[in-house]
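K.L.:
Spelled out, the chains give:
There are 2 protein chains.
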Amino acid sequence: MAKVFLPKGTRDLMPATMNRRLMVIDTVREVFARYGFEPLETPAFERIETLTGKYGDEGDKLIFKILKRGAGGERGEVDQALRYDLTVPLARVMAMNPGIPLPFKRSQIQPVWRADRPQKGRYREFYQCDVDTIGASSPIADAECIAVVHDALMALGLTEFRIRINHRQLLAALAKAIGAESEEASMLGALDKLDKVGRIGVEKELIERGFSVDQVSKLWAYIDGATIPGATEAEAELRVIMQLALDMGVDPDRMKLDRTLARGLDYYTGPVFETVLDGEYSGSISGGGRYDGLISMFSGKDDVPAVGVSLGIERIFMLMEEMGLMPDTATSTQVWATVFSEQTRSATLEAAATLRAAGIRVAVSTRVGKLGKQFKEASSRGVPFVLVCGPDEAAAGMVVLKNLATGEQLKGEAAQLASELGG
Amino acid sequence: MAKVFLPKGTRDLMPATMNRRLMVIDTVREVFARYGFEPLETPAFERIETLTGKYGDEGDKLIFKILKRGAGGERGEVDQALRYDLTVPLARVMAMNPGIPLPFKRSQIQPVWRADRPQKGRYREFYQCDVDTIGASSPIADAECIAVVHDALMALGLTEFRIRINHRQLLAALAKAIGAESEEASMLGALDKLDKVGRIGVEKELIERGFSVDQVSKLWAYIDGATIPGATEAEAELRVIMQLALDMGVDPDRMKLDRTLARGLDYYTGPVFETVLDGEYSGSISGGGRYDGLISMFSGKDDVPAVGVSLGIERIFMLMEEMGLMPDTATSTQVWATVFSEQTRSATLEAAATLRAAGIRVAVSTRVGKLGKQFKEASSRGVPFVLVCGPDEAAAGMVVLKNLATGEQLKGEAAQLASELGG
Chain U
1187 MAKVFLPKGT
1197 RDLMPATMNR
1207 RLMVIDTVRE
1217 VFARYGFEPL
1227 ETPAFERIET
1237 LTGKYGDEGD
1247 KLIFKILKRG
1257 AGGERGEVDQ
1267 ALRYDLTVPL
1277 ARVMAMNPGI
1287 PLPFKRSQIQ
1297 PVWRADRPQK
1307 GRYREFYQCD
1317 VDTIGASSPI
1327 ADAECIAVVH
1337 DALMALGLTE
1347 FRIRINHRQL
1357 LAALAKAIGA
1367 ESEEASMLGA
1377 LDKLDKVGRI
1387 GVEKELIERG
1397 FSVDQVSKLW
1407 AYIDGATIPG
1417 ATEAEAELRV
1427 IMQLALDMGV
1437 DPDRMKLDRT
1447 LARGLDYYTG
1457 PVFETVLDGE
1467 YSGSISGGGR
1477 YDGLISMFSG
1487 KDDVPAVGVS
1497 LGIERIFMLM
1507 EEMGLMPDTA
1517 TSTQVWATVF
1527 SEQTRSATLE
1537 AAATLRAAGI
1547 RVAVSTRVGK
1557 LGKQFKEASS
1567 RGVPFVLVCG
1577 PDEAAAGMVV
1587 LKNLATGEQL
1597 KGEAAQLASE
1607 LGG
Chain S
1187 MAKVFLPKGT
1197 RDLMPATMNR
1207 RLMVIDTVRE
1217 VFARYGFEPL
1227 ETPAFERIET
1237 LTGKYGDEGD
1247 KLIFKILKRG
1257 AGGERGEVDQ
1267 ALRYDLTVPL
1277 ARVMAMNPGI
1287 PLPFKRSQIQ
1297 PVWRADRPQK
1307 GRYREFYQCD
1317 VDTIGASSPI
1327 ADAECIAVVH
1337 DALMALGLTE
1347 FRIRINHRQL
1357 LAALAKAIGA
1367 ESEEASMLGA
1377 LDKLDKVGRI
1387 GVEKELIERG
1397 FSVDQVSKLW
1407 AYIDGATIPG
1417 ATEAEAELRV
1427 IMQLALDMGV
1437 DPDRMKLDRT
1447 LARGLDYYTG
1457 PVFETVLDGE
1467 YSGSISGGGR
1477 YDGLISMFSG
1487 KDDVPAVGVS
1497 LGIERIFMLM
1507 EEMGLMPDTA
1517 TSTQVWATVF
1527 SEQTRSATLE
1537 AAATLRAAGI
1547 RVAVSTRVGK
1557 LGKQFKEASS
1567 RGVPFVLVCG
1577 PDEAAAGMVV
1587 LKNLATGEQL
1597 KGEAAQLASE
1607 LGG
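Residue numbers (our numbering), protein chains in the order written: chain U, 1187 to 1609; chain S, 1187 to 1609.
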């Protein structure tokens, strides 16, 4: 028996899964490209000093460290570590390429590695999918974050979503307005749980965190629409961004200003976005915002304007499977070319070549004869059509194409049949 | 100044490079899929015991090792290592999935990592690109290795190539025929240098290795076409494979039986293939063969028939650049939408949305006004068209599209112009 295993928390992406993932990635990549975001790839590992201290103490523990080659490694020394996200590598790229034309709009779809405790649907290797605009403070860059998420989800058929939008400065004004300027982080920590625990739960938490009943009732009044002193500028900025997103074609019903949205407040400096699905499939599938302080972490320069958004691509793969939005075939092969006998094999291969030249995906059976068995092989793999070329067909320069689901048969020259198949 | 560096031997793949690489990978992947090879991805790292001892002592030293998390890691213990090739992971997948339907035809295009001394064009992270058919001894599987390489190179425009074909058993018979049965490896070691050192160089090397002048002259006679005793079966097999490849559409001028081809003899057991470019760009760009003993390394079962071929994708990227086969644009963005003023911005964004919906890639300027500067920005990035929407155009529901190379201008509704651009 096999005495070989996968590393903990990892998986093989078998062909049926990979075909679907590639379809999703191609769709997303095309949407990104239509907005001028161009692909970047960075190495799987970075120098250890590039990564340490960037993700907090908890994050640091989850970084996979690579042993030095040679004598240092034998002493347990480490010089490199696997990529933990796509943002620190982007900041490194910007620092190392000071002459790069700005704005630099890049998309990046690559795996990252985190030594988290593995659990259902959570792996130690997973893909991240980010777009960012570096070097532009224009609200167009913020609006594009909304528009690419909108267009990507629409293109994937995940149409029941809502993009929630808020502003870091609006939240700061909100904390100030309830007299909790120095407890902003605490207020946001409680608010962040609104989706999970509801208003009553948040109230309980705020009281436990030392907020007064009066502060809590003021908070709800502001959240429900009362004018927040000092938030005018932030709200005006959000209105501009949302108008630009509308101009870009975003459906107004799929985006909303939400004063409770509090995500990732540690480094966001302006607008923040989060996308949730409506209905039974709750939870975030995308998030981002403006983070004008982060990109200069290595360059030591002043703040560099930056805004970006991340699609939760692993979650999207999973949800699309659950919601039946993925093609239900295990294979991308369209035709299984059976081999009737060694005498007809050449004719079969020539027909297969004709279909392929028309763009059709044809696997040729590696068995000879016993067509019933070859048909079963095709059908158990989920290949929709079989091609048959017996002695009569071979003599006439024809083949038979059979739809395994309907039993329907077409007979003709391979070139004709290719166009029937949409090739 | 930036105090941050890339790890030794690695590089960032910037957008201009990535656009070209993705184009090549998409082309290759599509050719693979047309033959029924479906994509597989395996994790970046494997358990250390899966990899050690598989690549020889020299190879073992080049494996990047990952420190254990927790206390073990603090003592310098290692439990995982980065993928070194795509074949050992495939053998692991086969061992862990004994129920997988055979033949299993997979393609895999992923990076591998080797701590080699970096040199020009050689990196410590590089992509491999393999197709393999596991579980079929049919010569169709061998012929498909030839056909996919042929079709992929043709599709990429690398048309001046020759696929050399030989057979492990023919080489064994050749060694026996010159009385060097137990010196086969030594004979092949010398023959392998034929391309580099020519016949005189190989002769010299053979003599140094202890072969007699008589053995050397016999060797040339066999290589030049004399019948090799005991090679009949291998030659018949190669003739079948080459006929099948012809049936699949392979150009006969681009494949040839070559009795001197000796590649990677350590694990190949049957036919072997190698592709070289003709003319000034010499050297191998693809290689493979049948290796019936390798896949069972983890399963402990009997030999599993296996044949595969690897495209030297990094070398192909490099050669295509050198040969001018890559698109000469630095960007895949087709239109740079300038913003005349804040008043016309909405109209500009709507036009951009119309172009995008027609499949055109449009980046919107994040600047406002000073169109000359915006034009320069587009042209310095290599974007071929600029879109202009001034107050008159906005009022008329029109835009102007200018070809920056020719100066030609088109004015019309965005939807019309989209079809002019081929959207």
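Hints were generated in silico from the structure; no laboratory data involved. Don't take every hint at face value.
No copy is singled out in the list; a pair is fine if it fits within one copy or between any two copies.
[What the hints assert, rightly or not] Pairs of lysine-lysine residues, derived as DSBU-like cross-links and limited to a Cα-Cα distance of at most 30 Å, are as follows:
| # | residue 1 | residue 2 |
| --- | --- | --- |
| 1 | Lys1390 | Lys1442 |
| 2 | Lys1487 | Lys1194 |
| 3 | Lys1597 | Lys1306 |
| 4 | Lys1562 | Lys1487 |
| 5 | Lys1189 | Lys1362 |
| 6 | Lys1597 | Lys1559 |
| 7 | Lys1379 | Lys1306 |
| 8 | Lys1189 | Lys1559 |
| 9 | Lys1442 | Lys1194 |
| 10 | Lys1254 | Lys1562 |
| 11 | Lys1390 | Lys1559 |
| 12 | Lys1487 | Lys1379 |
| 13 | Lys1254 | Lys1189 |
| 14 | Lys1189 | Lys1487 |
K.L.:
Decide, hint by hint, whether the structure agrees.
P.N.:
How the hints compare with the structure:
1. Taking the shortest alpha-carbon separations for Lys1390 and Lys1442, only the intra-copy value of 26 Å comes in at or below 30 Å, while the best inter-copy value is 79 Å.
2. In this assembly of identical chains, Lys1487 and Lys1194 lie within 30 Å of each other by CA distance solely across copies; the values are 25 Å between and 41 Å within a copy.
3. For the identical chains of this complex, Lys1597 and Lys1306 are neighbours neither inside a copy (49 Å) nor across copies (55 Å), given an alpha-carbon limit of 30 Å.
4. For the homomeric pair Lys1562 and Lys1487, the shortest alpha-carbon distance between copies (26 Å) is at most 30 Å, but the shortest distance inside one copy (65 Å) is not.
5. When the C-alpha separation of Lys1189 and Lys1362 is checked against a cutoff of 30 Å, the pair qualifies neither within a copy, at 61 Å, nor between copies, at 38 Å.
6. Taking identical chains as interchangeable, the C-alpha atoms of Lys1597 and Lys1559 lie at most 30 Å apart only when both belong to the same chain, with a minimum of 21 Å there against 62 Å between chains.
7. Within a single copy, Lys1379 and Lys1306 get their C-alpha atoms as close as 22 Å, which meets the 30 Å cut-off; across copies the closest is 53 Å, which misses it.
8. Taking identical chains as interchangeable, the C-alpha atoms of Lys1189 and Lys1559 are never at most 30 Å apart, the minima being 32 Å within one chain and 64 Å between chains.
9. Neither within a single protomer nor between protomers do Lys1442 and Lys1194 lie at most 30 Å apart by alpha-carbon distance, with minima of 40 Å and 46 Å respectively.
10. Proximity of Lys1254 to Lys1562 under the C-alpha cut-off of 30 Å is found in neither arrangement, the shortest distances being 52 Å within a copy and 47 Å between copies.
11. In the homo-oligomer, the alpha carbons of Lys1390 and Lys1559 never lie at most 30 Å apart, since the shortest distance is 66 Å inside one protomer and 56 Å across protomers.
12. Proximity of Lys1487 to Lys1379 under the C-alpha cut-off of 30 Å is found in neither arrangement, the shortest distances being 36 Å within a copy and 54 Å between copies.
13. Proximity of Lys1254 and Lys1189 under a CA criterion of 30 Å is satisfied in both settings, with 29 Å inside one chain copy and 21 Å between copies.
14. With identical chains, the CA atoms of Lys1189 and Lys1487 are at most 30 Å apart between copies only, with a shortest distance of 12 Å across copies and 53 Å within one.
In this structure, the hints that do not hold are numbers 3, 5, 8, 9, 10, 11, 12, in rising order.
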